[in-house]
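Student: Taking the hints into account, I'd like the entire structure generated from these sequences.
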Amino acid sequence: MTSPAQSEMPFAIVEGEPVTQLPQDLYIPPHALKVFLEAFEGPLDLLLYLIRRQNLDILDIPIADITLQYVQYIEVMQELQLELAGEYLLMAAMLAEIKSRMLLPRPVSEDDDETDPRAELVRRLQEYERYKKAAEDLDELPRQERDTFDVDAHMPEQRTVTRLPDVTLQELLVAFKDVMARAQMFANFHLQREPLSVRQRMGDILTRVNADSFAEFSELFDPQEGRMGVAVTFIAILELLKEQLIEVVQSGGFAPIHVRGVSGDDADAEQTISEIALEDD
Amino acid sequence: MSDEPTDAKNEVVEATSQDHAQLAIFVEAALLAAAEPLSIDQLLKVALARPQAAPVTKSDLREALKIITDDCEHRGVELLEVASGFRFQVTQDMARQLVGLFEERPPRYSRAFFETLALIAYRQPITRGEIEDVRGVAVSSNIVRSMLEREWIRVVGHRDVPGKPAMFGTTKAFLDYFNLKTLDDLPSLAELTDMESLRIQLDLPQVEDGSSNPPAIAGGSDDSMSDDSDSDAAS
Amino acid sequence: MSDEPTDAKNEVVEATSQDHAQLAIFVEAALLAAAEPLSIDQLLKVALARPQAAPVTKSDLREALKIITDDCEHRGVELLEVASGFRFQVTQDMARQLVGLFEERPPRYSRAFFETLALIAYRQPITRGEIEDVRGVAVSSNIVRSMLEREWIRVVGHRDVPGKPAMFGTTKAFLDYFNLKTLDDLPSLAELTDMESLRIQLDLPQVEDGSSNPPAIAGGSDDSMSDDSDSDAAS
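If you read the sequences in order, they're chains B, P and Y. Numbering follows my numbering, in which position 18 of the first sequence is assigned residue number 18; successive positions increment by one, without gaps. Numbering follows my numbering, in which position 185 of the second sequence is assigned residue number 185; successive positions increment by one, without gaps. Numbering follows my numbering, in which position 221 of the third sequence is assigned residue number 221; successive positions increment by one, without gaps.
Treat the hints as calculated values from the structure; they're not laboratory data. Every clue listed holds true.
With a cut-off of at most 27 angstroms between alpha-carbon atoms, the simulated DSSO-like pairs for lysine-lysine come out as follows:
#1 P:K181 to B:K177
#2 Y:K66 to Y:K45
#3 B:K133 to Y:K181
#4 B:K177 to P:K172
#5 B:K133 to B:K34
What you are looking at is a predicted structure, and each value in this text was computed from that prediction instead of being measured.
Tutor: Here you go:
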C-alpha cells in the first residue's frame with residue numbers, strides 16, 4: 001500500500017498549480033478555490049475524491065491520513081466562509097470516531113470484517129460511488145433536445161368539431177340533491193356563526209402549540225366543524241403568523257408541516273459537532 | 001464558393017446530383033426539426049454551420065428542395081412554401097384522414113355547472129343572485145354563458161328588485177335533450193333514493209355517435225387472439 | 001386480417017403489401033402530425049377513425065411501421081419506439097449537423113440533479129430521505145420540483161413510516177426523453193467489489209406494462225416471502 005505523504009499531495013489545483021499547503025502568505029484567488037471545493041456533491045464525494053486521487057484501495061482506507069486530509073479541506077472551506085453543509089461536519093466526526101476505534105486493540109477474530117470500524121463507511125462510499133457512476137451513465141444516454149430532436153409536420157387548419165359534454169338527468173338530480181344538502185348545512189351554520197370567531201380560535205391554537213414542542217399543522221383542524229370551521233382555523237393561523245406568535249416549519253418539500261409557538265433561540269447543534277471534529281485533529 | 005458557380009472556372013467543384021441528394025436529406029431533417037418555416041437564407045446559414053460543411057449555394061438548396069418535393073409525391077406530407085419560408089405540412093387529403101388524431105374526448109362539466117343547471121331547472125325562474133345564495137359561492141359568468149350557448153336556458157324576465165336581475169328558466173331544447181315532455185317529468189328528489197329503478201325508468205340518453213365503426217371494431221377483435229400475445233411482448 | 005388468413009374464407013379481404021404501403025403513408029403522416037409518441041393502440045384508433053376506414057389490425061400496423069423503418073434508412077430521421085409509443089426523431093448523426101438550427105442551448109442539469117434522478121430511476125420507489133442517505137447530503141427541493149414539473153418523476157405512494165414520506169418513481173416521459181423503452185434498458189449498475197460482509201442488493205423494480213406502480217409495490221411486498229432472505233441482509 002502506498003503510504004500517502006501529505007506533502008506530495010496537492011489538496012487543490014488552482015489554475016493548474018498544485019496547492020499543497022493552506023494558503024497563508026501565498027495569495028490564491030478565493031473564488032478559484034471556492035469553485036474547486038464547491039464541485040463536490042457532499043462529504044462522500046469529497047472522500048471518494050481523496051481516495052481515488054491517491055489510487056487507494058477503497059476496502060482498506062488509511063483512515064488516519066484520509067481524516068487529516070478531509071479535515072484540512074473542511075478548514076479551508078470554513079476559512080473561505082463557504083456555506084458548509086452540516087453533513088460535512090458530521091462526516092468529520094464519524095471519521096474521527098473510526099480513527100479512534102482503529103487505535104483500540106481489535107477483537108481476536110482479526111479477519112472478521114464485521115468488526116472493522118470502517119465497514120459502514122466503506123459500504124456508504126461504495127453505494128454512493130455506484131450511483132455517482134449511474135448518474136454519469138444516465139447523463140451520457142442520448143437524449144431529446146441534446147442528441148436528438150423531435151420532428152413535426154405542420155397540420156393544416158381543420159374545421160374541428162368541438163364535441164360538447166354529455167349530461168345525464170341523473171347527474172343533474174344528484175347535483176341538485178348535493179346543493180340542497182349543502183344549503184341545509186349553510187342554514188345550520190348561520191345559527192352557530194358566533195362561536196366560530198377568529199379571535200377565539202387564535203386563542204385556542206395558541207394554547208395547543210407551545211414553544212417547546214411542535215404541533216402538526218393538520219391536527220389543528222377539526223373536520224367535524226365543517227368547511228367554515230376549517231376556514232376559521234386557517235384564518236386564525238394566518239393571523240397568528242402575521243402577529244408572529246407562531247411559526248410554521250416544514251423540513252422539506254413534501255414533509256409534514258409543523259406549527260409551534262415562538263420563543264427563544266434554538267440550540268446550535270452544528271456548533272457541538274464542529275467542536276468534536278476539530279478537537280480530534 | 002458562393003452563389004452561382006461560374007461555368008468558366010473548372011476548379012470550382014460543382015455539386016453533383018449525388019451531393020444534392022445528400023443535401024436533400026439534410027434539408028428534410030432541418031425542416032422537420034425546425035419549429036418554424038425556414039427561408040432559403042436560413043437554410044443556407046444552417047447548412048454552412050455544419051461541422052464539416054461542404055460548400056453550399058442557394059441554387060444547390062433549390063435543387064435539394066426540388067428533390068424533396070418530388071419525393072413527397074407519394075407521401076402524406078408535402079413541402080410547402082409559405083411567406084416565411086419552407087415547411088413540411090400534412091396534405092389536405094391526409095389531414096381529413098387524421099380526424100381521429102385530434103378528436104378530443106368531450107370535456108366534462110364542472111360540479112358548479114351541474115348545480116347551477118339543476119337549480120335553474122328545479123327552481124325556475126331564478127336569478128343568479130338566488131343561485132349564489134343557495135350554493136354559497138359565486139356563479140361564474142362562463143357557466144351561465146355556456147348554458148345560454150347550448151340554448152338550455154334563457155332569460156325569462158327580470159326580478160323586480162334593485163338592479164333588475166335577469167331570471168333564468170330552461171328551454172324546449174333542454175327538455176328535448178333529456179327526452180322530457182314537460183318539466184313535470186323531471187325526477188323528484190325522492191326518486192333518487194332508488195338509483196337502480198331510476199336508471200331503468202329514465203331511459204337515459206345514449207351517446208349517439210354515428211361514426212362508430214362496428215364492422216371495423218369487430219374485425220379488430222377478431223384478430224385480437226393472435227394480436228394480443230404480440231402486443232403484450234411489445235409494450 | 002393478415003395474421004391468420006383462414007384458407008376457407010375467401011371473402012376475407014387480405015391486406016396486400018400494397019395496402020401496407022398505403023398504411024405506411026398514413027402512419028407516417030400521423031406520427032409526423034402528432035405532438036407525442038403514438039402507441040400501437042392509439043395508431044389503431046386513429047386508423048379506424050378514418051372516414052373510409054379499411055379494416056386494420058395491429059399486425060397490419062406493425063407491417064407498416066416496418067416499411068417506415070426501412071424507408072428511413074437513408075434519411076436524417078428515424079422511427080424509434082420509446083416507452084409511450086413510436087415517434088419520429090432526427091438521428092443522432094443528423095442532430096450534430098443541425099447545430100446551426102437552434103439558438104438555445106439544450107437544458108443543462110447539475111450533478112446533484114442526475115445523481116438524484118439516477119437513484120429514483122434505479123431504486124424506485126424511493127423516498128427523499130432514502131436518496132439523502134445514499135448521497136450523504138440533503139436533496140434540494142428545487143431539484144425534486146423541477147423533475148416533477150418535467151414529469152420525469154411522480155409520487156407513486158407513501159412509505160408507511162412516521163411522516164408518511166412520498167415515494168418517487170419515474171414516468172414514461174422520463175423514458176421517452178432518454179430514448180428508452182423500459183427501465184430494463186437503463187445502463188446496468190456497476191458491480192460492487194464486495195467485502196464479505198457487504199451485501200448491498202438492488203431491488204430493481206420490474207416494469208409492469210400499463211399497470212401503475214402502486215400495485216407493483218404491493219406485488220413487491222407480496223413476493224417478499226421469497227425475496228426477504230436477500231433483501232433483509234441488504235437494507
